[in-house]
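**Q** Given the structure of chain X, go ahead and fit chain P onto it with the hints provided.
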Amino acid sequence: MMTSHIPLLIPATFLLAALLIPLAALLWRRLSWLLAVAATGLCFFYAVKGLAHVTTAGRLHYHLAGWQPPFGIEFVLDPLSAFFSVFVTGVALLALIHAGRVVAHEVSGVDMGFYALAMLLLAGLSGMVVTGDLFNLYVFLEISALASYSLIARGDPRAPLSAFRYLTLGTTGAAFYLLGLAFVYMSVGSLNLADVSHLLPDVGDTRPVLLGLSLMVLGIGLKMALFPLHAWLADAYTHASSAATALIAPIGTKVAAYVLLRLMFFLVDPQYLRDQTPLPAIVGCLGAAGMLWGSIMAMCQKELKRMLAYSSVAQVGYIALGIGLASPLGFIGATLHALNHACMKACLFLVTGNFRVRLGHSTLPRLVDDLRRTMPWSAAAFTTAAISMVGLPPLAGFFSKWYLVLGSIQQSNWVFVAVLVASSLLNAVYFFRVLERLYLTPLAPPDDTDVAAAAATREAPASMLAPTLVLAGALLVLGIFNAWIVSTFINPMIPSRLGW
Amino acid sequence: MLEIIKGYYAYFFLVAVFCIGLFGMMVKRNLMKKVMGMSMVQSAVILFWIVSAFKDGATVTVLDPARAVEDADLYLNPLPHTLMLTAIVVAVVTLGVSFALLIVIYRRYRTLEEPLLLEKMQ
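Chains as they are written, first to last, in my numbering: chain X, 1 to 500; chain P, 501 to 622.
These are computed hints drawn from the structure, not numbers from a lab.
Even glycine gets a Cβ: it sits at the ideal position worked out from N, Cα and C.
Mixed in with the good hints, there may be bad ones.
As a list, the in silico DMTMM-like pairs of lysine to aspartate or glutamate whose alpha-carbon atoms are at most 25 Å apart [what the hints assert, rightly or not]:
no., chain 1, residue 1, chain 2, residue 2
1, P, Lys555, P, Asp573
2, X, Lys302, X, Asp205
3, P, Lys620, X, Glu303
4, X, Lys302, X, Glu459
5, P, Lys528, P, Glu613
6, P, Lys528, P, Glu619
7, P, Lys620, X, Glu436
8, P, Lys555, X, Asp235
9, X, Lys302, X, Asp202
10, P, Lys620, X, Glu459
11, P, Lys533, P, Asp556
12, P, Lys528, P, Glu614
13, X, Lys302, P, Asp573
14, P, Lys555, P, Glu619
15, X, Lys302, X, Glu106
16, P, Lys555, P, Glu570
17, P, Lys620, X, Asp205
18, P, Lys506, X, Asp156
19, P, Lys620, P, Asp571
20, P, Lys506, P, Asp573
21, P, Lys555, X, Asp205
22, P, Lys528, X, Asp235
23, P, Lys533, X, Glu106
Chain X is nowhere near these chain P residues, computed Cβ spacing over 10 Å in every case [stated by the list, open to error]:
no., residue
24, Phe518
25, Gly537
26, Met538
27, Leu563
28, Asp564
29, Pro565
30, Leu574
31, Pro580
Chain X extracted, bound-state conformation:
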């Protein structure tokens, strides 16, 4: 009985929590955090249950108000959306548990607003994942975007300006999506994703559809921070509070990547798209360029959060490259990398939050080697995630890159292979720079103020350390069980017309 309602329950629970949190905060301020964690935990439970149902018994459709699909809005849990909703809610759950102390430390006084907006953000993101209607997707996109502008605006003094820049660019991206959707609607006459993809082969003149699709990809590319549309990302992530960054950075761009997967693999026939337009090739090349540019920019940064933000640009490039390959191996690589990168980036940002709460900063040259003694677990979690980012087996990051390299070799695209290898080496350069500061520098003289601060500090509290370590452990588990994940969850989601 309840299983059939899961597609609706995930976004609806978040929306309900967003309404309840301001009321709960009137009773007891800490209740807002508890309620946010409880709602996210409940949604994670629903998502896992939905994924189990989808893998064993087939997809779930929920028709809002009982209207049948081409006319009403439909929420769908198919293998792809179930998989994404599990890791989006899972990573958000860990980030929110971690946020309890960070919010009190960095943006104290507005914690009720933070959690209510976080719930709205997650309602939007999970709604984008489960909806089967292209216009409804736009509405959820704007809900999540508006919540994230407000979340990002609280932080250091520069945060409002970077949030404003993100707002103007993000709104333009959404406007491009809506404009493209108008072309698709004018040609096809339907907004239901499955219905549009069913009707498309009968459309005589496909040029408006392809133009509309290109505009939609452009808009989503802006949301996803695809190179060269990534300008908003670095400032927005750097100046926001650590809690907001740790929540938005791992999953926000991943959900945009999910929409890109939906558009380019499910809305239209990927083979047809590749024959008719250079769109997949362009997305792949921009991804490759972003991998190099993001890594090089990350190497130049002195601030840990800013370095990780540029690293996000590079990692989104991997996903775009996989999408651009438009082949089964590219699809597997992109999906698996979305999962892996969400866990890796969440772990790295949580450790940054630990440093900020305990040391009061996360500037690289001021990190001293005493941290490995005073905060051993945080340093170890950072190291695990960093090595996974570089792509050393048996950690998760290696395997998604492996599928991407295989996909590139299969298409004899040697440039992509070279870029993948080069970008991994650049990853090694900027992450080992941090590891060197943590582990390899000789002991600094004790009269230095930073050393004194580091020596006086303690390991992060358990509520922050536990999510960090769970994510670091998850990287190992995801790496070891990657073959099982690919065969059980990812293979069934590959569209049949891709010829797998």
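**A** For chain P alone, kept in the frame of chain X given last:
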């Protein structure tokens, strides 16, 4: 040529509005003007949907006994209009959030000119 202008003039205007909006967002240095540009881009897209639903000689989708029910050409498609109601709400909310951000920025730096802002932030 005249046929094209007669049939598509609304679209030409909308393209112009869209491009002026983009130009304002990219080139103008004042944050308030950027918001105006953003609003123009949104309005152009909303009007694009509305214009696309226009049919010559058609009326609203309310049953009119004087007209034939069977002929779909006599009635407008109401869906784009209803969808754009939602989009207008979204646009209004976006404007609200952007004004809130501008107020915060102005209170802190006493200016909305981008070069001055960047100077003061150093």
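**Q** Of all the hints numbered above, which does this structure not satisfy? Sort the numbers upward.
**A** 2, 7, 8, 9, 10, 11, 13, 14, 17, 18, 19, 23, 24, 25, 26, 31
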